[in-house]
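Asks: Place chain P on chain V using the hints.
Here is what each chain is made of, one letter per residue.
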Amino acid sequence: MAALRCFLRSGKGAVSVLLRRELHATAPASAQVMVRDALNQAMDEELERDERVFLLGEEVAQYDGAYKVSRGLWKKYGDKRIIDTPITEVMCDSVLAPPPQAGLRPICEFMTFNFSMQAIDQVINSAAKTYYMSAGLQPVPIVFRGPNGASAGVAAQHSQCFAAWYGHCPGLKVISPWSAEDCKGLLKSAIRDDNPVVFLENELMYGVPFEMSEEAQSKDFTIPIGKAKIERPGSHITLVSHSRFVGHCLDAAAVLAKEGIECEVINLRTIRPLDVECIEGSVMKTNHLVTVEGGWPQFGVGAEICARIMEGPAFNYLDAPAVRVTGVDIPMPYAKILEDNSIPQIKDIIFSVKKTLNV
Amino acid sequence: MKNMLTIISNALCRITGKNVLLIDLSEYVSLTSPAAPALAKTQRQPPKPPPGARVVVSRSYADFTPQATFDIKKCEVHRLEEGPAGKAELTREQGLQYYRTMQTIRRMELRADQLYKQKIIRGFCHLYDGQEACAVGIESAINPSDHLITAYRSHGYTYTRGVSVKEILAELTGRKGGVAKGKGGSMHMYAPHFYGGNGIVGAQIPLGAGIALACQYQGNNQVCVTLYGDGAANQGQLFESFNMAALWKLPCIFICENNRYGMGTSVERASASTDYYMRGDFIPGIRVDGMDVLCVREATKFAADHCRAGKGPIVMELQTYRYHGHSMSDPGVSYRTREEIQEVRSKSDPISLLKERMLSSNMASAEEFKVIDVEIRKEVEEAAQFATSDPEPPLEELCNHIFYNEAPIEVRGTNPWSKLKSVS
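Chains V and P are the protein sequences, given in the same order. Read in my numbering, the first sequence has 229 at position 229, and its numbers run on one by one without any break. Read in my numbering, the second sequence has 60 at position 60, and its numbers run on one by one without any break.
Hints were generated in silico from the structure; no laboratory data involved. Heads up, some of the hints might be wrong.
Unchecked claim - What the simulated footprint calls covered on chain P by chain V, stretch by stretch (three residues with Cβ under 8 Å from a Cβ of chain V suffice, anywhere in the stretch; the number is not a length): (1) 199–209; (2) 391–397; (3) 413–419.
Said to hold, decoys possible - List time: in silico DSS-like cross-link candidates among lysine-lysine, alpha-carbon distance up to 30 Å: (4) V:Lys347 <-> P:Lys119; (5) V:Lys258 <-> P:Lys419; (6) P:Lys176 <-> V:Lys347; (7) V:Lys336 <-> P:Lys176; (8) P:Lys117 <-> V:Lys336; (9) P:Lys421 <-> V:Lys354; (10) P:Lys347 <-> P:Lys370.
By construction, the Cβ of each residue, glycine as well, lies at the ideal position given by its N, Cα and C atoms.
Extracted from the complex, chain V is given alone in its bound form (with noise of 0.2 Å):
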C-alpha cells in the first residue's frame, strides 16, 4: 500500500516534471522548415480541408511544379484537383474566373508572375472588378500565386516585380510573404479569402528555411491579410518592407545594431490592404522612415507608403523627409555585376539609414 502510494506519489511527481519539462521548453516541436515546403503544405491542407479548392498551371501536377512547389500534391490528390495546363495563361484565369461563381475555389499558378502579363486582363477586368460590376451577384473567390521579382541571372523579361501593378488596383489582394511562417499562413488566408487574391511568392525564397513554431505548423494556421509584422523592435528609424528584402533589412539592421543604431523592421505581409496603422504607430515612436523593394522607384510600393506617411498624423513626427531604396530605374541586365548593381544591397540601406539620420 505503501509502495503503491509511493509509486503513484512518483508518478505524479513524474508527470508534473515531464509537463514542467513541455512548459520550459521553448521549442522542442518547432522545425526548420524551406518556404518551398510551407507553400505545399499550405496547399495540401487547404486541398483536403476545401473539395472544392483546386490547382491549376503550367507544369504543377506530373513535372511537380515547375520549382518543385506543388511537389507530392498530384500524386496525392489526381487529375482531376491538380491540373496540368498547355502554355496558354489566359485560359488558366479565363476558366478560372466563372467557377468560382459555380461555387469552386481554383488556385491558378502562374510560372513566374512575369507570364501573367498575358492574362492580367482577365486578372483585373475579370476578377478584380467583377463582384462591384454586379453590386454583390457574383464573388471571385481565387488566388494567383507564383514568383515575383527578380530570380538570379534570368534577364529583363523574367525579373520584373508586379506588387505596384496589382497593388494599384481595387478589388483584389495583394500579398507578399517573406518567411516560411508568412507563407504558409498568409497562402491558406488566400485560398480562404471569397476574393480574388494575388499571392506574390519570391523565387530565391524557396530554398530558404525557416523556424516554424508548432502553432505555425497546425493545419488551422492562417495570419489575417492586411496586417504587416514587426519583425524587429527598435527605436532609431523605421524599416519597411515586403518580401525577400525583409531579410536584406534585418541583416543591415544586424549591422548597424554594432553602430548603435537600433532599426525597426517591419514585414508588410500584404500590399493591398496597406497595413498603414502598423507604419504609422512605428515612424511616431523612430521619426524616421525608409522603404526597401525590388521594384523599380516610379509609382511603386514606397512611393505609395510615403504618400500615405505624408497624409497622415505620422508626418508631424518625421524628423527628415522618408526614403524609398528601390530597384535601380532600369530593365533587369544580365551580366552578374550589373545585375547585382541593379537591386538594393545591404550597403545600399546602410547608405540610406545613416543618410536619413544624418550619421
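Replies: For chain P alone, coordinates are given in the frame of chain V:
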C-alpha cells in the same frame, strides 16, 4: 616531261588510291566514281573550295562526287495542291557547309552545357542540340536580307544569322564582348534581320507577323520566318497572328518546331490537335522532317516562294527533337525515357544523317569530316576561352540603352542620392 610525270602520277593515284597529285586534274578527266551508288547522278561541276574552309586533304576533287540528288521524305500538305518535291540536290560544297554549321552549333551548345555546369553561365540556358537541321535548313533557303525571329531556344539561329560563336558564348557568360554586351543573356541575342531571342512563350509570333507587315509595306520582296514551339502552338496570340497574316496576305512563314515536349508536357497532353501544320486552318501548311536538313531546306524554299509570290502566309511544322531537357535545370528524363532519347540520337541525328549521305555517295571522305570536326572544336574552345576571360561589362554601362536617339538622361539608382547616367 611535266606531262609525263603528271600522267604517271595520276596513274599511280588511281591505282593506289593515295593522294599526291601534282596538278588538279578534275578539269580534264571525266567524273565517274566507282563507288557511286545507283541513286546518285553525277554531273560535271567546276570545283570550288567550300567557303571559309582550307582544303587540308589534297585529294583531287575528281575523286568526289560534286553533286548528288537525294530522296527526301514527302511532306504532308494542308490546303495545297502539292508540296515541295521529294528530291533534293546537294553539292559537295553545300554539304560540307551544312555539316560545318550544324556541327558548330552542336559543339557550341555542348560547350555551353559544360560552362553552365561550372556555373560560369547562369540563369536560363535552353540548348538546341538535336534540332540543328532546322536552323541550318531554314537559313540555307532564305536570304540574309530576309528576317527571322524565334523564342528562347535561340543560340542556333543566332549563329546562322551571322553572330560568331565567340560573341554568343561571351553573351552567355555575361561579358562585354557578348553580342548584347552582356546585358541580354541567353534569351536576348540580336543581329541584323534577327530579332532574338524572346523569353515569353508565344510573344514573338505577333512580332514576326509585324515584321512581315513591314516587308509588305516596304515592298522589298523579303519574308519573315517566325518560329515557335509545340508549347506555344496553343497560345491565342498565334491565332490572332494567323488571322491578320492571312487577311492581309503578309509574307510570313510560321514555323512550328515540334520537338514533342513543351517543357515537361508532351504534345498529347497539351494540344487538342497535334497536327500543327494544320492549325493555321485557312492557311496552307506543310509537315516536314525536321531532322533532315535537305527536307527543311526544300520546304523552306517552297514556303518562301509561296510568300514572295504574294500568296500570303504559310505554316510549316518541323518534326524535330531536343536531346537536352527544356533548360539546364531540367534533366529531361522525368517526362520521357532515356531509351527514347537514345533512339533518336542513333537513328535520326541530323548531323549523322547528312554525313552518312555524303559518305555513301562519295561526296566527301571521313578524314575530311574529321578535319572539320577538329577545326570546329578549336574554334569553339577559343570562343569559350574568350567567354571565360573577357571582363564583365563596366558599371558605367548599367543604365545605357534605355531610349534611342535621346539626349542623356538621369536615372535613379537604388536610393535618392544615387543618380546614374543613361546615354542612348
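Asks: Each hint: holds or not?
Replies: Hint check:
no.	hint	verdict
1	199–209	holds (count 5)
2	391–397	holds (count 4)
3	413–419	holds (count 6)
4	V:Lys347 <-> P:Lys119	26 Å, holds
5	V:Lys258 <-> P:Lys419	29 Å, holds
6	P:Lys176 <-> V:Lys347	26 Å, holds
7	V:Lys336 <-> P:Lys176	11 Å, holds
8	P:Lys117 <-> V:Lys336	16 Å, holds
9	P:Lys421 <-> V:Lys354	24 Å, holds
10	P:Lys347 <-> P:Lys370	21 Å, holds
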